[in-house]
Amino acid sequence: MARMKFLCDAERCIECNGCVTACKQEHDIPWGVNRRRVVTINDGVPGERSISVACMHCSDAPCMAVCPVDCFYRSEEGVVLHDKDLCIGCGYCFYACPFGAPQFPQAGAFGVRGKMDKCTFCAGGPEANHSEEEYRKYGRNRLAEGKLPACAEMCSTKALLGGDGDVLADIYRTRVTARGKGGDVWGWATAYGQPGQAPQQQPQPAKAKS
Amino acid sequence: MIRRAGAVGIVLACAALALAGCGERPQVVTYKQGSYQGKPDQPPYTGAPFDGNQKEWDNALRQRNQAQNEYKRIGS
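Residue numbers (the working numbering), protein chains in the order written: chain S, 1 to 210; chain Z, 1001 to 1076.
Chain S extracted, bound-state conformation (with noise of 0.2 Å):
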């Protein structure tokens, strides 16, 4: 099994926050929470995009550096999870993540600034699969369920990808060919790219015609 990653198909997506909503549903995520969402570029103007964006679980991920009490691991998967019995909300992986998707409760024992939660693809965390307790401090173990994550199944366009990362190329690729156009990935270059190499520029969106 190659590592796990989500790929997000900018020519596909048409804003439905389907994703956003299945996420919310199967992990029962407090309000003010998004592990997932979906991001417009260029709102109202000819050629925009929507992507859907959450945590990209990535090969050289900038949270698991920055955190102070180590509580990041990464899966045999290649899935980015952390421990939230460790987490003390401190928010530096906020701060370091290029996705903006670290997320911090407004409840809890530590006040305004809870654990911090994120996108999990639907791995759980450092409990027994399938436990109450990793239910509740992870949301549900789709993958120990032999699925896979519930933003990218639920998806009605397949605009949002999500599994094995050679599966999921093979698929982009055909697709690209397909239609001869929207080759480019957003987000992987700065996810998915080799370590010590600088990440791409982002492909610009197209500007509006005057």
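Keep in mind that a hint or two might mislead.
As the list claims (entries may be wrong) - Reference excerpt, derived from the structure (chain S facing chain Z, CB under 10 Å, subset only):
| id | residue |
| --- | --- |
| 1 | Met64 |
| 2 | Cys71 |
| 3 | Asp164 |
| 4 | Thr174 |
As the list claims (entries may be wrong) - Output of the computed footprint for chain Z on chain S, the stretches with three or more beta carbons under 8 Å from beta carbons of chain Z:
| id | segment |
| --- | --- |
| 5 | 80-89 |
| 6 | 139-145 |
| 7 | 150-158 |
If you're looking for bench data, these hints aren't it; they were derived computationally from the structure. Even for Gly, the Cβ is constructed at its ideal location relative to N, Cα and C.
Position chain Z relative to chain S; hints supplied.
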């Protein structure tokens, strides 16, 4: 004799209880910079429904991965 043994038993139980109260548990995590300090996680294929069968789990995920490819689903 029985009463004495009972009393001794109660004393021993109380002593064990009192000693348990003195048991010191580490209250502070000792951090090692740069390495994960939290609880270990289980691989996803442990427990139901795969019961440790990694191959079966791989196959299930492979199938799900391919289900995202509509060119294969509809047969282009």
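Which of the listed hints are not met by the structure? Checked against the structure, no hint fails, so every one of them is satisfied.
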